[in-house]
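Residue strings, one per chain:
2 protein chains.
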Amino acid sequence: MKTLTALVSEFPSERTDPPDEWIKADKFRGNVKARLAQAVGVTQFGVNHVTLAPGNWSSLRHWHESEDEFVYVLDGELTLVDENGAHVLAAGSCAGFPAGAANAHHLQNRSDAPATFLVVGTRKVGRETVHYPDESLPPQNLTRDAMGRRVAVSGQ
Amino acid sequence: MKTLTALVSEFPSERTDPPDEWIKADKFRGNVKARLAQAVGVTQFGVNHVTLAPGNWSSLRHWHESEDEFVYVLDGELTLVDENGAHVLAAGSCAGFPAGAANAHHLQNRSDAPATFLVVGTRKVGRETVHYPDESLPPQNLTRDAMGRRVAVSGQ
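So the sequence lines, in the order shown, correspond to chains A and R. Its first residue numbered 1102, the first sequence is counted upward by one per residue in my numbering. Its first residue numbered 1102, the second sequence is counted upward by one per residue in my numbering.
You may find that some hints are simply not true.
One copy or any two copies: either way a pair holds, since identical chains are not told apart in the list.
[Said to hold, decoys possible] With a Cα cut of at most 30 Å, we get these calculated DSS-like pairs of lysine-lysine:
{"no.": "1", "residue 1": "K1125", "residue 2": "K1103"}
{"no.": "2", "residue 1": "K1225", "residue 2": "K1125"}
{"no.": "3", "residue 1": "K1103", "residue 2": "K1225"}
Simulated from the structure, these hints should not be mistaken for lab results.
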C-alpha cells in the first residue's frame, strides 16, 4: 500500500467557526483544526491538531460515556478547566479523560498568544452520549455518519 | 474524579534497553520512553513519547493485523522506512499505519541528534498478530497481560 504521511504546516488551514446560533459561538471563532489521523488513513482513533486563538475554548465543557480522550500541548499555554478547577498546562503537558468518568473538561486559551495541542479520541462504532453540565442541554446522544463523524441521533 | 495530568519533562527517564539476546538489540539501546496515556488513566489507546538516539530504531520493521498506529514527530528528524522505501519526517510530520495493511514500517534516526515523536496505538482487548518481514520470525500472536501490555501468547 501507499505510504501515508502528512506535514502539519502544509495542511490547508481549516477554520472551525461555528454558526452564530451555536451556544457560546464566540468562544470558538478563529480556531483552526487539522484532522491528522484521518489524513493518513487511521480510523480507530482520531488525532486532531488544534490551535486556539487567545480567549478561545476547545469545546463546551463536557465528558464522554464511551470514548477516552487525551490531549498533549505542543505550543503555548492552555488552561484545563474541569470539575476540580483550573490547571495550567505548559507545552509538553498532557491530560487524560477516561470514558465514563463524570469529570467535564475543556481547554481554554487564557494567554495572549495562540496555543496548539494534539487531541486523541477513540472512534468507536455506534452510539455515544456526551454530557455538558454547564449548559441547558440534556445529555447528547450521538452516532457516526458515513464519514465517521459524530452527529446527533436523528429524532432527538 | 481526580484531574489526570502529566508533564513530560518530569517523567522519570525510562530507558527501554532490550536484553542483549534480542534481535538487533544494538538498534534500541539508549531509547527513552514515557507512557503518557497510561500515566493519565487512558486505556483505549496508548500514547508514548519516545526519544531515539542517533542511529537507533523505534522497533523492528512490522505491521499489525488489528490495531491502528499513528506517529507525530515532535523534535528532530526521523526516517520512516516502509515497503516503499525511506521517507524523511521533519518535526510536525505525521504518518499512519492502518490495521491490516501489509506495509511493514518503523522509524530510524539517521541524524546525528536525538529525535522525539509521539506514537498512538489502539489498545484492543484480546489477540493481535504482528508481522516482521525482515526477520526470521513467524507472525507473532500476542495477547494482553494484567497490566494491559502486549505479550506473546503462551505456548507459542
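30 Å Cα cut-off: does K1103 pair with K1225 within a copy, between copies, both or neither?
The answer is both: 25 Å in one copy and 25 Å across copies each meet 30 Å.
Intra- versus inter-copy proximity for K1103 and K1125 (alpha-carbon distance at most 30 Å):
The answer is between: 27 Å across copies meets 30 Å, while 42 Å in one copy does not.
For the identical chains here, do K1225 and K1125 meet the 30 Å Cα criterion within one copy, between copies, both, or neither?
within (28 Å within a copy, 37 Å between copies)
Comparing the model with each numbered hint stated earlier shows that all of them hold.
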